[in-house]
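Asks: Here is how the chains run, residue by residue.
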Amino acid sequence: MKFEGESQLEGSKDAVWDALNDPRVIEKCTPGCQSLSIVAPDSYELVTKIGIASISGTYKGSMRLGDRLGREQYAMFAEGAGPIGTMSVAGTVALRENGAATSVNYSFEVQVGGAMTGMAQRALLPIAKLLTKQFFKSVDKLLAGASLPAAEEGGT
Amino acid sequence: MKPKSFDYVRVDTLPALFAALGAHDNAKIVAGGQSLVPMMNFRVAQPEVLVDINGVEALRHVVREGAVLRIGALARYRDVIDSPLVRDSVPLLVAALGHVGYPAIRNRGTLGGSVVHNDPSAETGVALCCLGAELVVASAEGERVVPIAEFFVTTYLTDIAPHEVLAELRIPVPAPRTGYAFREVAKRVGDFAIVNVAALVAVDTRGATTAVSLALGGVAETPVAVDVGAALLGRPLDAARAAEAARLVDAAIDPQDDNVAGGEYKRHLAGVLVKQALLAAHEDALAKGA
Amino acid sequence: MLHAAMLRSPHAHARIKSIDVARARAMPGVHAVLTGEDAKQYWGPLPPTIDIGMKVPTVYGLATEKVYYMGEPVVAVAADSRYLAEDALELIDVEYEPLPAVTDTEAALAPGAPLLYPDWGDNVQCEWGMAVGPVDEVFAQAAHVFDYRIPQHRYSGVSLEGRAALAQFDAYSRKLTLHCSTQSPNLVRTLVAQTFNFPEHDVQVIAPDIGGGYGNKLQADAEVIPCLLSLATGRPVKWTESRQENLLSGMQCRDYVWYLRVAVSRDGILQGLDAKVYGNVGCDGTCHAAGAGKFLVACGYVPGPYKWQAFKVSTKVAVSNKAPSGAYRGYGKDIANFPLEVAMNRMADALGISPVEFRRRNFIGRDEFPYQQISGPIYDSGDYALCLSKLLDLVDYDGVKRRQARQNDGTGSRYLGIGLASMLEPSGGAVPNCIFNSYEVATVRLMPEGGILVLTGHQDIGQGTETTLCQVVADELGCTPDDVRIIYGDTNAVPYGMGPWSSRGATFNVSCVAEAARTLKRNLIEVAAHLWQCEATGVDIAGGAIAEAGGERTLTLKALGNQLHLWPGAFGIVPKHVTNPFEATHYWTSPIASWAPDELGRIRLYSTHPSGSSAIVVEVDAETGKIEVKDIAIVDDCGVIINPMIVEGQLHGGYVQGIGGALLEEFHYDERGQLWNTDLTSYLHPLATDVPAIKCDHVISPSPYTALGTKGMGEGSAIMPVAVMVNAVEDALRPFGVRVSELPLTPERVIALLRTSPRWREMYGAPA
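Those protein sequence lines, which keep their order, are chains Y, C and B.
If you use my numbering, the first sequence corresponds to residues 1 to 156, in order.
If you use my numbering, the second sequence corresponds to residues 1001 to 1290, in order.
If you use my numbering, the third sequence corresponds to residues 2001 to 2768, in order.
Isolated chain Y (complex conformation) (with noise of 0.2 Å):
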């Protein structure tokens, strides 16, 4: 499964490359991030929340940032666990200026895995768009100076 999208953020190129390679931004926009811990450099583990509609539940998963290109692109590997199953994301980020504001373009690949019922299959590559979504939307909130409240629950 494949999904790519586009968000523009409002700040300049290198703004927003500080904010995305940032563990600190990272933690405070993941949807339902509860914590984060640094294991290394450009490698954490995640503990989340999640509460989209009527699937919830805590998800630990981890992430590492890698594969720079200058300051146009980086690779992205995430990968959770929880009730509904395993769910690994790949893919790359890059940022292109736009004006004033970034855009920012994305390409993951996404492989899910574990027990899980169809019903959760149908929704895993929604909610992995819909979460991707958020994330840049918070960023964008971040860098466009709003306080985001603690401990968000995704999905809302």
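A hint or two may mislead.
Keeping only pairs whose Cα atoms sit at most 20 Å apart, straight-line, the calculated PhoX-like set for lysine-lysine is [stated by the list, open to error]:
id, chain 1, residue 1, chain 2, residue 2
1, Y, K60, B, K2017
2, B, K2401, B, K2695
3, Y, K2, Y, K129
4, B, K2040, B, K2017
5, Y, K2, Y, K133
6, C, K1004, Y, K60
7, B, K2390, B, K2695
8, B, K2312, B, K2276
9, B, K2630, B, K2576
10, Y, K133, Y, K13
11, B, K2630, C, K1187
12, Y, K28, Y, K49
13, Y, K141, Y, K28
14, Y, K49, C, K1004
15, B, K2040, C, K1187
16, C, K1002, B, K2238
17, B, K2630, B, K2401
18, Y, K60, Y, K28
Worth flagging that the hints you see were computed from the coordinates, not collected in a lab.
Following the hints, put chains C and B in place on chain Y, whose structure we already have.
Replies: Showing chains C and B alone in chain Y's frame:
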């Protein structure tokens, strides 16, 4: 599998419902439970509190007010299918709901529950998209009315907040000589549809199409309406017109591979069912006008 | 009573690096949490259920160093409720090191494939082959040689009642009692005793009437886990598997690919068959369950009901990262039938002969029995041509063909087709070095008050054992069926029997019970004759009473029972030559099976050979790909019929299961070994709405090898339908020249097949 531990509260009025929702962070409304309970058993859904609204009479009506059919969110599929009012004014809905599961599911499941659950190929959602329905969402603060296309956000996600309840479906009654058709392909009787199509066609005295509405399920993250007016309006709906409409639909959709079927097959099926549904709806309109 | 839940592997193939159960153990309501290492203080590896030249892995009820399939149990929990036990599972942390997985059969056999058991050097659990007759010569001289690659996917019985077990270890008496849903309580008792190194006579297994088995419940695999937890806690532990567990780790079946090479003469006479089958038993087909044996059976029966001049067959049975493979209605006879019957229709097509005529030219004739097939088995009796003729009448074959000619002219989009196949249902298997062994034992007993009690090692799993045995005993003994009671399913009460599989009910069990009843009757007649001082030949039992022919003396069985036991009692009444007036126990074994290879190296494992033919009429929608079953007709020859209603019930049920396999059911594992069908919205059973009323007819060719001339008939109807459906769909879509290559035949697969036809693309496939 067994669900995680949860508390249970039963409410009989809307104020009591809003109070219960307000009092708990992770509360979920349960009505028929036909979608929610299996998700809880698989631990995919883990509400801390279930608020049972089966006793809220205020949500159970099926009435017609002028050109609008108002169906309370708690109306069971069975009630709607059996209602002479619905059969008379919106037969498309009856045709669609007959494909929902089996009699046991139709006895318990509610239209409101189906709409809020928002499965990509849910017959309720596809029919309501075609009908251009509006949804009334209520909370302690009052009501808001949402057009159905805006209500569907993505798979299993709709524009409803944890403190809100879907109160009513408002369906514009199609004009008297509007023909309808509903087509579906599923692996077995009662299964989730692979692809389904709902169509409404109105014609003038010469048989030319004056209005058309088309919606599909199973080809996107949610049920979707597709505008095929450009191919059909002002002309009789023959096989060539239907094929042209199918081409418009094909350009508008991008079905994905999933555990139900591959995207290529869904695309093929959409083309087949769109043609069948449009032609059948047109036939129906002509018969009504005769 | 405690409840069990198991933490199961999310990976198809992985090393277990660490398991942390501390938080689970500390949870209130949890009484035991055991890993595979913890369990070793209670049990040893799972003992083999079959070993005929096979590689037997060392595997345990809970995974130890590695996991071999997604869903394999890794940690077992016993808690106050199933809810709490599942909560505890979430508190267990397992660290896995995923390994490359292999699921496809031929990929598992290819060099360089990831190995499940590295010390094997490959993924071959067993291989075998045989050749008879001038194979090379026959193929060199044949007018026609046909080559086919015919695969079948993986599916299984998936009974309404899953596996369930309640284990009670009594620490004081040191006895273990196991209630479980199984087809073979005696076999489970032996296997459990072996697994735990527990004295076998201190294990009691009780299995009441169960909610379906179909061959899936013939091992002690998951059942050992509640036993483990009961031993560890000293309390009764109950496990009822969820449907998800049943689909993930219940015994799976089918899953193979055949390469068939057939030599045929100019006038359509079969000459030679050269066949290879590559089978897939998932992580194991010896200890978890006895799945490996079915490919050996398939080799022996792929010649089917036809005559051949030369024959060569071989099999390689592969292990892969999927759930273990056991038995399922057919156990190899289905594997043999499918490619043969599909090939018969395709060859007939190529030769320009009707599939009916092609079969008729090649059937073994009714006067040729007993017939030794080229592969070794001796077929007892049958009339294959008559089954086929009756079938053509039953389904109105000619009428369907006429309708087809009118309907399939291309003006509509629904195409009519009819498929047919013949089958052989070898029944009453007797396999050496295997739990599917060669005998059955039963006791028939006269009770003090005159009732008749039957103690049988057989089991009622929904096939009507209680009814048919009562009929048989009543018939043989001369009482009424109401006088008879059957005791089964308790290892403390019944003789050592194997249970129902391989359609043994109407072969081994009925023969055994009939012989025991006959012996008891003879003894009771001797007693009465002695009592009345008359000739035994003049005495008979009928209607529940023993009477002197033409005389006036008569005794009800109740009166006789009273006299013999207590009033006055046996002393002085029983003639010296009657060693047991109360009961008779009979040990029955197949008179025709043979484990000693003959001069051509062939052995014979099956006792009787029921047969039949069937047809399916379908309508295929060329636009949507949906297949509608319009008519089903079955003609079955199971020898003497004991109960017609039960026979028809078995035919209906088995056939619908076969249709499920053809159209709906599938265990789909992706390349990472992830199973996608873990609930009943994704593993689809056939429903009553999927089939029309089924027409049945019968031919009766009694077997000379069983006590009553009965043959078995639990499997035949499940053996045929997949081939018949493939034949029907290929017939319906003849205008497009499709050849089915993948199952099940979902609407999507049908459209994918049709896409390969230029004619279809022209008529229906124009892109919108």
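Asks: Are the hints correct? Go through all of them and say.
Replies: Tested hints:
no., hint, result
1, Y:K60 - B:K2017, "holds (18 Å)"
2, B:K2401 - B:K2695, "holds (18 Å)"
3, Y:K2 - Y:K129, "holds (10 Å)"
4, B:K2040 - B:K2017, "holds (18 Å)"
5, Y:K2 - Y:K133, "holds (15 Å)"
6, C:K1004 - Y:K60, "holds (18 Å)"
7, B:K2390 - B:K2695, "holds (11 Å)"
8, B:K2312 - B:K2276, "holds (8 Å)"
9, B:K2630 - B:K2576, "violated (65 Å)"
10, Y:K133 - Y:K13, "holds (18 Å)"
11, B:K2630 - C:K1187, "holds (16 Å)"
12, Y:K28 - Y:K49, "holds (13 Å)"
13, Y:K141 - Y:K28, "holds (11 Å)"
14, Y:K49 - C:K1004, "holds (15 Å)"
15, B:K2040 - C:K1187, "violated (46 Å)"
16, C:K1002 - B:K2238, "holds (15 Å)"
17, B:K2630 - B:K2401, "holds (14 Å)"
18, Y:K60 - Y:K28, "holds (16 Å)"
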